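All chains should be modelled from the sequences, with the hints used to inform the complete structure.
Below, each chain spelled out in residue letters.
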Amino acid sequence: MGRYMKYEIKGSYKFILGVLAIVLILTTVFYSYQFKQSNMGAIGGVAYLIMFVALFAAFLYIVDSFKKELYEDRGYLTFTLPLTGNQILGSKLLVALMWFIILGVVILLYNGFMLSRFIEFDISFREIFSVFNTETVAVGMTMFISGVVTLILIYFSMALGRVTFRNKKIGGMWFAIFLILNGLIGYTTLKITKAVPYYLDLNSFKVVTQRAIEQLSMLESMNFMSINSASVIVSAGGRTFMNIGSLIYTIFIGVATFLGTGYLIENKIDL
Amino acid sequence: MGNLVEIKGLSKNYLSKKALNNLSLDIESGKVVGILGPNGSGKTTLIKILTGLLRQSKGEVFIDGHNVGVYTKSIVSYLPDRNFLYNWMTIDDAFKFYKDFYSDFDENRGEKLLDFMKLEKNMKISSLSKGMNEKLNLTLVLSRRAKLYILDEPIAGVDPVARDKILDAIINNYNESSSMIITTHLVRDMESLFDEVVFLREGEILLKGNAEALREEKGKSIDEIYKEVFGE
Amino acid sequence: MIFKKKVSLNLMISMEAFFVFSIDTGCALVYYIVSALTYNDIHGGEKMEFDDKLPIYIQIMNYIKKKIVSGEINGGDKLPSVRELSSELKVNPNTVQRTYQELERENLVFTQRGMGTFVIEDTEIIKNLKKSMALDIVNNFISEMKELGFEYKEIVEIILDNKKKEE
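Chains as they are written, first to last, in the numbering used here: chain A, 5 to 275; chain B, 328 to 559; chain C, 3 to 169.
Hint data in this document are derived by calculation from the structure and do not stem from the laboratory. Worth double-checking, as some hints may not be accurate.
In silico lysine-lysine, DSSO-like type, Cα no more than 27 Å apart, as pairs [said to hold, decoys possible]:
#1 Lys92/C <-> Lys554/B
#2 Lys451/B <-> Lys492/B
#3 Lys71/A <-> Lys457/B
Nothing here was measured: the structure is a model prediction, and the numbers come from that model.
So, in structure tokens, the structure goes:
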């Protein structure tokens, strides 16, 4: 599998580095411009926008790599290699994740670097790291899991689209399938949340019931609930809780769709 | 010399038609088999099932005693009828790729063939003409010491000079422990290569047998038999 | 004096004749040697066209037989290896293998393991081959001429006429 990853990287690194270069240049230009204007408010927003666009472009490109295998001639090479469907899929997934992480980290660091050029930072490293408590890490991880599962879901939708619609021209069907699947999963996740009303207190790692949270939420005013693909997170009374059921369910969905996609491309694909 | 390939009762059904209909065929080691037939006769469908790009609706396929899967893919060297290499690659990349994934890849042979085909390693795949692509693909496929070579229309759409080179390469590659399956509709150019021929129409075998025996029996060339069998 | 002249004239003529003769022979010798070297086996020379109606192995057999009979290949010569010949003629090696086997069955060649396939040295057999091949051609010729309506007498006349024209 590592062999295939090597070639996946070889095939995509030029594009990724290109995107990265453009983003860094834009960021630099933007920061120097903003500094002259001394309009600090816009910095955060635009920088974020640039990062988002870069990641989105990379995302489209990487996802397209899998689509190419299914709809273009290069599939004749990929699917006659002595690899299982899971190996091929796993390689593509890992490389995709690798690029996203690299892009995200580099852009973030660069932004930080740029900021420090223009603003006097009193914040020491210690203070920066204090942001990373168990809560933020846990939330960050669920967002990561959510991203991974979404990606797997996209692959699955593409494979399903290829298997069910033999006509190669309808290459866009995967998106419709993806939306439907995503909706289904979101709906079932909520159902599970209701059915398994047990939450993990992200500070103390104790399991807590929904009742308890409801009671807490009545005490404080700052409450919010966030649902992403990975889990349902509730914040109440200054503490954060994560629904256990939804987390397990999401991971389960991820694994199942991964294996499902592998099965499809190994056994059901008709090129 | 047992059967390298055994195909039993193979069928492939689509909504609108039967691409293959209860086809059975055995191929011994060391034989060059020509699968002949017009477009739509099922040649490519059969090939794709052998290479794992397609799944049969019914029937069994055994290559070296195994079902089609990861193992068979490692002993089958397949030349598709299209440009299947990743187009960011150079010829050197393609060589390394084959070497990485196929333990039976003979780099020396590959380099000799590449010379013979007058191609160089630093060329980009995206800049090659159709004929050059065909020559490159064939070079890679024949440089593997595989048990089964499957060549799908190896000389179609290629100029006569390149054609000769390709035929030369195919003949020089022959060895007794491997078999070759070649599909073509350019029968006249290739018929002297075949040990056995199989005539396919609408997914069924119309006629099969030893090429020389058929020539003797019918007093005709394979090309003429083809015209007789498929003619109006 | 005249006698001396006559002698010297004769000498010159005979010397000239000798030179011409030796050059002729020399050329003939060179030609023979060169052809012997270059046409020692089947390499080079004409490209073989396949009349596809006959099994290919039979066509290759005829091709080789012709060369044996015409002296292009001599008794005792080594024939190309199966691989070489199949590559040159662009045919399946099994076909060449079969050709050699059939030739061996007809006692025209013999195979020595590890060394190759050789034409037999027996001149009698080669002579007989030459005769039988000639007979085939002649019989064909005669039957075709007969189909055109010629009688033996006319056929012989035509042949003799042809001979005169060539000389």
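If you draw a straight line from the CA of Lys451/B to the CA of Lys492/B, is it 27 Å or shorter? Roughly 21 Å between the alpha carbons, so the hint for Lys451/B and Lys492/B holds.
Restraint status (C-alpha distance of Lys92/C to Lys554/B at most 27 Å): Holds - the C-alpha atoms of Lys554/B and Lys92/C are around 23 Å apart, at most 27 Å.
Pairwise hint evaluation, Lys457/B against Lys71/A, where the allowed Cα distance is 27 Å at most: The hint holds at about 24 Å.
Against the hints set out earlier in the document, no violation occurs for any number.
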